[in-house]
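K.L.:
Listed here are the chains, written in short residue letters.
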Amino acid sequence: MQELVNRAKELLADGTVARVLGWKAGDLPYNPEPAYFEKAEELVDFVYNGFCGANLSKYMIEASKLEGKTMVCLKPCDTYSFNQLIKEHRVDRDKAYIVGVGCKGKLDIEKIRKQGIKGIELIQGAELTDEADTLKIQTIYGDKTCAYADAMLERCHVCKGKEHMVYDELIGDSNETKDADRFDEVAKLETMSPEEKFAFFQKELSKCIRCNACRNVCPACSCRKCVFDSTKFDSSQKANVDSFEEKMFHIIRAFHVAGRCTDCGECSRVCPQGIPLHLFNRKFIKDIDELYGEYQAGADITSKAPLTNYTFEDAEPSIVGKRG
Amino acid sequence: MQRIGVFVCHCGSNIAATVDVSKVVEMAHMEPGVVHAEDYQYMCSEAGQAKIAAAIQEKKLTGMVVCSCSPRMHEATFRKAAERAGLNPYMVEIANIREHCSWIHKDMEEATKKAVILMRAAIAKVNLNAPLQPGESRVTKRALVIGGGIAGIQTAIDIADAGYEVDIVEKTPSIGGRMSQLDKTFPTLDCSACILTPKMVEASAHEKINIYTYSEVEKVSGFVGDFTVDIRKKARSVDMDKCTGCGVCQEKCPSKKAPSEFNRGLNTRSAIYTPFAQAIPNVPVIDREACIKFKTGKCGVCSKVCQAGAIDYEQKDEIVTEKYGAIVVATGFDTINLEKYDEYAYSQSKDVITSLELERVMNAAGPTHGHLERLSDGKAPKEIVFIQCVGSRCSDDRGKPYCSKICCMYTAKHAMLIRDKYPDVNVTVFYIDVRTPGKNFDEFYRRAVEQYGVNYIKGQVGKVIPQPDGKLLVQGSDLLDNKQILKEADMVVLATAIEPNPDVRRIATMLTASIDTNNFLTEAHAKLRPVESPTAGIFLSGVCQGPKDIPETVAQAGAAAVKAIGLLAKDKLLTNPCTAQSDILLCNGCSTCENVCPYGAITYEDKEVNDHGIRETRRIAVVNSALCQGCGACTVACPSGAMDLQGFSNRQIIAEVDAICR
Amino acid sequence: MYKIAKENLSALFRLIAETRELYLPVRTAGQTNYAAWSEDAEVDIDTLKTVKSAKDAFFPQSEGLYTVKKEGKKISVEPEALKEQDFVVFGMKACDVKGLEVLDKVFLSEPVDTFYAARRDHGTVVAMACHEPEETCFCKVFGVDAANPASDVTVWTVGEDLYWKALTEKGEALTEAVKGLLTSADDAAVEAEKETIHKILENLPYMNLSLEGWNGDALSEKFDSPIWEELYKSCLACGTCTFVCPTCQCYDIKDYSAGDKVSRYRCWDSCMYSDFTMMAHGNNRTSQMQRFRQRFMHKLVYYPANNDGMYSCVGCGRCVEKCPQALNIVKVIKAFQNQGGEK
Amino acid sequence: MSLENKEFKPKIVAFCCNWCSYAGADLAGSSRLTYPADVKIIRVPCSCRVNPMFILRAFEKGADGVIMCGCHPGDCHYSTGNFYARRRMTLLFSMLDYIGVENGRTRVEWVSAAEGVKFSETMNSFVEKIYSLGENVRLGDLRCKN
Amino acid sequence: MSSEKKQAELIKEISGVNPLKCMKCGKCSASCPSYNEMDIKPHQFVSYVINEDIESLVNSKSLWKCLSCFACVERCPRDVKPGKLIDAARQIVVRQKGQNYLLADEIPELLDPELPQQLLVSAFRRYRR
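Chains as they are written, first to last, in the working numbering: chain A, 19 to 342; chain B, 95 to 756; chain C, 60 to 402; chain D, 102 to 247; chain E, 9 to 137.
Some hints could be false.
Derived BS3-like pairs: lysine-lysine, alpha-carbon spacing no greater than 27 Å straight-line [as the list claims (entries may be wrong)]: (1) B:K577 <-> E:K32; (2) D:K230 <-> C:K129; (3) C:K128 <-> B:K117; (4) C:K224 <-> D:K219; (5) D:K246 <-> C:K128; (6) E:K29 <-> B:K642; (7) B:K642 <-> E:K69; (8) C:K142 <-> A:K225; (9) A:K340 <-> E:K13; (10) A:K340 <-> D:K230; (11) B:K117 <-> C:K390; (12) A:K132 <-> C:K390; (13) E:K32 <-> B:K499.
Okay, the calculated bits of chain A under chain C, using three or more residues with CB under 8 Å as the criterion [claimed, not checked]: (14) 110-120; (15) 137-143; (16) 213-227; (17) 290-297; (18) 314-321.
Examples of chain A residues toward chain C, derived with CB under 10 Å [unchecked claim]: (19) E128; (20) K132; (21) Y166; (22) V235; (23) S248; (24) D252; (25) S254.
The hints are simulated quantities; they were obtained by calculation from the structure and are not laboratory data. As the structure is a prediction and not an experimental result, all values here were calculated from the model. Think of the CB as a built atom: it goes at the ideal place given N, C-alpha and C, for glycine as much as any other residue.
Excised from the complex, chain A in its bound form (with noise of 0.2 Å):
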């Protein structure tokens, strides 16, 4: 951590930048909010460690419009969101100075809590050195210990792997955090009858309030006024009345980012409920693998869409029900 403070001290001294995007540390041990820095003696707040699961990349479509350079520090499962974004022009890679910061897994405070633990008062273990896996949490009641991948996000133990897919320069090793096979879980849901399935994303979808967390933390989602905030679809909705609008809503949004999302995770570490929105994006990325061939979203800023593609040979959609 100090070492990007230092390097941002000098790319901000040299003119290189006009400011950072990073994160400060909160006024409790795991909230990290992102946060711009302007001055070197600002970046005294300036924090890195492994509750800094935030994906900073959708800010610089904001940081695009400013004067000079900014400095944005991006994970590498980060930097496939920032290429998506430079593909599709809503950032400008003119305008970013990107630092790919090292990664051993972010974690997921909800996780913490759900093994039970709480009044949390200091967190020890989840800064970038620490080499220990495991987090000494104490706490009011008493002093816990947790796993560090048991606390870690649901997108880390399916990581698409160290690489920064785009970076000026690279400052902190990554760690392989992947155990698990990222479509599993998808794969586990298609064996299931139809009436098991229906009743799986009732239950998840019904605790829906609608208060876009998952699109507005999205950087796929980056339209300047979505379909559900504009009347051009007669589809405006501001709440869940009947169950039909959350699935309406989460189908759409996994259409609108199809082929673009680059399963980044964010949606379903934001959502205050819990939805494993990735379930969604992710059977598309699967559908998309299997039957157009593998494509990774943001990994190049070249290649064709799958869904702005098409081959003469592609899948009817009769295809559907006759697979597996």
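Following the hints, position chains B, C, D and E against chain A.
P.N.:
Just chains B, C, D and E now, with coordinates in the frame of chain A:
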């Protein structure tokens, strides 16, 4: 709120026998916005149209629905009727209650119910219709032909004969193209030059044709009817107006080591050169790479010997900007690079040549002055092997997956000519299939076998092994006799696959014309619009669209010309108003729509927008309504719904869905 | 004071549900929210904070207002019926109860919101003292006593028992209805529990947050502060904070067309949204900074200015837990404190 | 009237491209090839104009089945429209199947202008399928049910 | 599935070859150094697999005459690679004989001065992996 009139047609008994027309009228009155509803025996008749006109005027209708036969039948009729009565024709919607209802249902109650629903959907849609005006764009009465081969020449002549100005842009110093390199043509064995040269002369002498040789298209902007093109005239170093074409400069030029492009590099030419004797224009160019004057600053022989003082070492590239209404692409082909076909020893032996090289060898103006001889030692060959499908029909990355189409015929031609002129030479052709569809084509091939004794063997050659004594050992297989064949040959001729001129990629990009995976230009419709590109105003002539022989090329050249003439004959173009439009407040500028547009109708501009008080410059999609054909692919690709299709808008279709499901 | 063994709770819920609708924390797909009780509902009264507050029971996320029906060219209007059925909300925490007080000031003052008023009339609140408060809690800052929720009935968890005390007439009525399952008890255990809770509260990191300078008088000074420009930047403009908040009371009115009928309903809205209070001419607040500022100014300045100094934040800490980017009202309050000296 | 006694009359929406399938439907009509009146056709310029939103909208408003017809792949009037439509619909249908909606409720069929017989056969078999699946209860807005 | 069909499928699976891509040009046979030794010629291998006559294939002399020089694989314009088909047929035989068709110890007595050295090398590459 619209004021809608509903007109229900009986179509004699065609509709009325199954649909309770009066009930439909009654139900129409219940719908919001409907101020008038009536039925009539034949709405499409003059009397029916008069009723419509009267209602439009009396009830001040702003929209109307005709419940009748298919819109494919009478939509145009009713639109015209509406327009005559002062209603915008795009405020008319048809509810198809005949083909989609009365003719397929027997039960009257059921059919009537359905007719009412179809009518409601049409009313719901027309409620959201907006008057549309077809756009107009002017047509510049001048055509550009890119490529000066037989395809380009023929297209240019045909367009010019119709009275329109045509410019030909040719990359090399002379027009003529591949055909000028051929010795004889199948299946009549005419001398190629003898039939091509008059065409070249005709083109150059035509008062409506202007030829830019040694020139390339640099930039294209605009759209159908109104293209603006920058043409780069490369510095020729010879003044076109002064040169008399006497040829002394070429004789005296001390630099004679440059490989002759015209003779496929089989011999050399001078640094100042015309590619061939019949070149048009008959004005040489200086190859600055080969010229001693340009390389060292010393020499200047050509300038000294030129009586006309035409040599101009200071000449610079010049950009000419012209406007065109139509563009024809006729960029032709080349043979593929054989580097990856090591087994045929093309790069190891001078006596392994391509068929196009053989054309030059057999030609009196060629490197051997028309004598059939081995290029390695000048000896007369006794045994010649032809290998077919070299690089054609290949699914690996060495060759091309398609059939090059012309090889079977020209090989038969070569074999026949050799046997005719040199009866003591044995000719063997290794083939996979002999493909001869075409008038007199199979007869031609049979003549080669029956009359000229050419030995055709079914089976591909695996390897050509140059021998120390200069012979070539050909290892092939005879699939019919199930034998492996080892044959000593003096010369091997490869029927090399053809591919589109590599420049076509650059040109297609400039024209936003699409090309397929093999770099052939895509036609607007494989069957019904084979000489048009999907991009309006761009036409295709010759091999740039797909492999073809000379007669086919000439036929297609004429067809492309007719299409171009049809366009140029118009004073202005009416554009279909049902085009896509992007909402500047919603557009993200993400380029997704551009990627699915088959017509290159979408571009992006940085526009100043005022989004409810926020002023900023944004990248916005702009649809060129002259190019847009209204398919709607972009509207679905657009995630924010910024892109919408006039006449079939999102809200209109949704209104129809709602009305049907109500 | 009564008590009931925890193991008898399902019998208690069943009994309440016989005469009244019952809403209580239910766990669905891993998350606990208020929902109607049923035999197979997974009741979860141990989770301190439900994701959404109990606000839904009185001010639902969406609620029909009236329906317009069309038959031929005839149009009729049918207003939505007001709540007539008595109901019980079980398990609300002190902060959420205080939240109702905030909502009351909005909806029950003239003009009275009849939909809300009917729900308030028919609803009985059984509040629970917070057995184990958490680090995100700061109710005390707003004068809420987590150990002593003021409601119709208050319950305390002590060991394997729930202690029950009715505080209002409605509370007495409910107690009467379930008396068969309750046994009398003395206050001692409850007093001890209260003391324990108070002790824990003392040590929570946010409990000493100062609200100094946050009141109606601070309007223009706070409004024009450059600090907002710094604070809002990581805000995504999602509405999570508003939707989990027990006091946010803004709603939008929308129409839904279903063939021959159109229903008009209201649903929660969020001042974080760019189309919040959107009008024909556009929006009053064009930038996210302005929208962000609105939320906190409303809670800490405008509302107290209009309601005798009462804040419209109750310190439940849900926004602290749920903000995707870890922004929250505490950080806002602190940011002004830190900069306060310089001003 | 109780629900069980009420005869099930499905609502079926068919999106047909103007150039091939709508003409195919016209041909079915002029050839008097019958299919049930439950099918209502919406004309679109091309199958690529069909937005997944339209299909979900139809279900929302009470449709029991939605079918989309277009030109055969390779024959699209606009060259490539149905290729995009094919991918879009494949993915959408797969998603609907994934969330537990019976996959027989959606279908894509390529019908040329000459295939009146195919159009009518397609509609007959699709309607039959919808009858066998019964009322659509998994994908609709309750406010639209009567 | 009949056993012949199964074996044909197995050959396709092991070789990764789609024999239907063959356009019967015969370039494989033209390229084959062992052509004259073979009873079933390389280009015919493809038809045998298509016709599911695996019995004849595995009993053919050709199976063991193929040098695995891969000239046919290199030159095949259609990506059919008869050499891989032959190789796969051999695999089937090897599998039937229990992974044990050729051991290093057996080599000396099999050695034949006429035999190309390359055959030995390729034999090991094939059978001892």
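K.L.:
Tell me, in ascending order, the numbers of any earlier hints that this structure violates.
P.N.:
Hints 2, 4, 7, 11, 14, 18 and 21 not satisfied by this model.
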